[in-house]
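For what it's worth, my numbering labels the leading residue of the sequence shown as 22, then goes sequentially.
Simulated from the structure, these hints should not be mistaken for laboratory data.
Check the hints yourself; a few may be wrong.
DSSO-like mimics (lysine-lysine), calculated; alpha carbons at most 27 Å apart, straight line [unchecked claim]:
| hint | residue 1 | residue 2 |
| --- | --- | --- |
| 1 | Lys247 | Lys40 |
| 2 | Lys333 | Lys43 |
| 3 | Lys43 | Lys152 |
| 4 | Lys372 | Lys189 |
| 5 | Lys40 | Lys257 |
| 6 | Lys466 | Lys152 |
| 7 | Lys152 | Lys189 |
| 8 | Lys152 | Lys372 |
| 9 | Lys43 | Lys372 |
| 10 | Lys252 | Lys43 |
| 11 | Lys40 | Lys214 |
| 12 | Lys247 | Lys152 |
| 13 | Lys247 | Lys257 |
| 14 | Lys339 | Lys189 |
| 15 | Lys152 | Lys40 |
| 16 | Lys333 | Lys466 |
| 17 | Lys40 | Lys372 |
| 18 | Lys339 | Lys247 |
Cβ-Cβ distance ranges computed for the label pairs, FRET-style [what the hints assert, rightly or not]:
| hint | residue 1 | residue 2 | range |
| --- | --- | --- | --- |
| 19 | Lys43 | Trp147 | 24 to 32 Å |
| 20 | Ser109 | Lys466 | 21 to 29 Å |
| 21 | Ile226 | Lys43 | 25 to 33 Å |
Note that beta-carbon positions come from the ideal geometry of N, C-alpha and C, so glycine has one too.
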Amino acid sequence: MAQSKQFEIDMTNGPLLGKMLKFYFPLMASSMLQLVFNAADVAVVGHFAGEDALAAVGSCSALINLLTNLFIGLSVGANVMVARYYGSGREDELSDMVHTAMLTSLISGLLLTAFGVSFSGIFLTWMGTTKEALPLATIYMRIYFGGMAFTMVYNFGAAVLRAIGDTKRPMIFLLIAGAINFVLNLLFVIGFKMSVAGVALATVISQAISAFLIVRCLIFSDGTYKLELSKLHINKDKFLRMIQIGLPAGLQGVLFSISNVIIQSSVNSFDNTLIVAGNTTGQNIEGFVYMAMNAFYQTALSFSGQNFGARKYDRVLKVLGISLACVTVVGLVMGNASVLFGRQLLGIFTKDPTVVEYGLLRIRIICSIYFLCGTMDVCTGVLRGMGYSIMPMIVSLSGACLFRIVWIMTVFRSFRTLESLYVSYPISWFLTTAVHLICFMIVYKRLNRRKIDTNS
22 MAQSKQFEID MTNGPLLGKM LKFYFPLMAS SMLQLVFNAA DVAVVGHFAG
72 EDALAAVGSC SALINLLTNL FIGLSVGANV MVARYYGSGR EDELSDMVHT
122 AMLTSLISGL LLTAFGVSFS GIFLTWMGTT KEALPLATIY MRIYFGGMAF
172 TMVYNFGAAV LRAIGDTKRP MIFLLIAGAI NFVLNLLFVI GFKMSVAGVA
222 LATVISQAIS AFLIVRCLIF SDGTYKLELS KLHINKDKFL RMIQIGLPAG
272 LQGVLFSISN VIIQSSVNSF DNTLIVAGNT TGQNIEGFVY MAMNAFYQTA
322 LSFSGQNFGA RKYDRVLKVL GISLACVTVV GLVMGNASVL FGRQLLGIFT
372 KDPTVVEYGL LRIRIICSIY FLCGTMDVCT GVLRGMGYSI MPMIVSLSGA
422 CLFRIVWIMT VFRSFRTLES LYVSYPISWF LTTAVHLICF MIVYKRLNRR
472 KIDTNS
C-alpha cells in the first residue's frame with residue numbers, strides 16, 4: 022500500500038491550503054503541458070500549412086468541445102463519487118465505481134467516434150465554416166474523432182486518480198504523450214506535408230499513449246482503486262449515481278459549448294479567414310489562463326467531494342474560500358500578463374500582422390477580467406463536490422448560455438462588431454458567479470441544519 026499512499030492526499034484532515042496547492046500545481050502543470058502541445062499544433066499549422074489550415078483547426082475547437090463535453094461531464098460524476106467513497110472509507114463501493122467508470126469511458130469514446138466521423142462535415146457546414154476552411158476542417162475532425170475512445174479512457178482514469186489526491190502521475194503521462202505529439206507534428210506537417218491531417222493523426226497517437234499509461238497505472242496500483250480488467254462491468258447503482266452528478270455537468274458543458282459554437286458561428290459570419298484565424302490564436306493564449314484557473318475548479322471538486330463524504334461541511338466552506346481567493350489572484354495576474362505581452366505571444370502562432378491585431382482584440386476584452394470565469398467555475402466545482410449538480414447546471418444555463426444567445430440575437434445584431442460579441446463573456450461570468458454564491462450559501466445552511474438535527 023505504501024507505493025500508492027505516496028501519491029494520495031488526505032483531504033479531510035489537517036491544514037487545507039498547503040494540501041490544496043500540492044494538489045493544484047501538478048494539475049495546473051498538466052493543463053499547461055496539454056495547452057503547450059496544443060498550441061504547438063496550432064503554431065506548426067500556422068507557420069507551415071497556411072492561414073486556411075489554421076482557420077480550419079480553429080473552426081473545429083468549439084464543435085469538438087460541444088460533442089465531447091457531455092461524456093467528459095460523466096467523468097466529473099466519477100470523480101465526485103470516487104472522492105466521496107474514498108473520504109468515507111467505503112472500499113468495496115469505491116472499487117465498483119472505478120470499474121463502472123472505466124467501462125463507461127470506453128463505451129462513450131466508441132459512441133463519439135461513430136457520431137463524430139459520420140456527421141463532422143454536416144455540423145461544420147451548419148456552423149458556417151468558411152468555404153476555404155471547410156474541406157480541411159472536415160478532415161481534421163474525422164481523424165480527431167477516430168481516437169476519441171483513447172481520450173475518454175484517459176479522462177476517466179485521470180478523474181479517478183484526482184479523486185484520491187494523485188495529480189502527479191497524470192501529469193507525467195501527459196508530458197510523455199505530449200512530447201511524442203510535438204515530435205509527430207513536426208514529422209507529419211513539415212516532413213510529410215500532411216497539413217491538418219498530420220496534426221490530427223499526431224493527436225490521436227498521443228491520446229492512445231496517454232490512455233495506455235493511465236490504464237497501466239490503475240492496473241498495477243496496490244490501492245483500493247486498483248483496476249482489474251476481468252472485473253470491468255456496469256454496476257447499475259454506481260452508474261446511476263455517476264449519471265446523477267455527471268450528466269448535469271456534461272449538459273452544462275454542452276450548453277456552454279452551444280453558446281460558444283454560436284459565437285464561433287458569429288465570428289465565421291464575418292466571412293473573413295483572417296478574423297477567424299485571429300480569433301483562433303487569441304483563444305490559444307486565453308486557454309493558458311483558463312487552464313491555470315480551471316485547475317482550482319478540479320481542486321475544489323475533489324476536496325469538497327472528500328470532505329462532503331466525511332460530513333465535514335465546515336471544511337467544504339474553507340475549500341470554497343481558499344479556492345476563490347487563489348483563482349482570483351491567478352486570473353488577475355495571468356490574464357493581465359496576457360494583455361501586456363499579447364503581441365509577442367500571438368507572434369508565436371502567426372506572422373500575419375492583421376491576424377495578430379484580431380487576436381489582440383479578443384485578448385484585451387476577455388483576459389483582463391478573466392478571473393470572473395475562474396470564480397464561476399470554482400463555485401460550480403464545490404457545489405458538484407457536494408452532490409448538487411442540477412442546480413449549477415440550471416444557473417449556468419440561465420446566467421451564461423442563455424444570456425449569450427440572447428445577447429447575440431439582440432445586442433450583436435444591432436451592433437455587429439467583434440467588440441460587442443466578445444463582451445458577452447465577462448458579463449455572463451459575473452452574473453453566473455453571483456447566483457452560484459447565493460446557491461452555495463443556501464445549500465450550506467441547509468446541510469448544517471440537517472447535521473444539527475441528526476446529532477441532537
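Hint-by-hint comparison with the structure:
no.	hint	result
1	Lys247 / Lys40	holds, 23 Å
2	Lys333 / Lys43	holds, 20 Å
3	Lys43 / Lys152	violated, 48 Å
4	Lys372 / Lys189	violated, 36 Å
5	Lys40 / Lys257	violated, 34 Å
6	Lys466 / Lys152	violated, 55 Å
7	Lys152 / Lys189	violated, 43 Å
8	Lys152 / Lys372	holds, 23 Å
9	Lys43 / Lys372	violated, 39 Å
10	Lys252 / Lys43	violated, 32 Å
11	Lys40 / Lys214	violated, 47 Å
12	Lys247 / Lys152	violated, 49 Å
13	Lys247 / Lys257	holds, 20 Å
14	Lys339 / Lys189	holds, 24 Å
15	Lys152 / Lys40	violated, 51 Å
16	Lys333 / Lys466	holds, 13 Å
17	Lys40 / Lys372	violated, 43 Å
18	Lys339 / Lys247	violated, 31 Å
19	Lys43 / Trp147: 24 to 32 Å	violated, 45 Å
20	Ser109 / Lys466: 21 to 29 Å	holds, 23 Å
21	Ile226 / Lys43: 25 to 33 Å	holds, 32 Å
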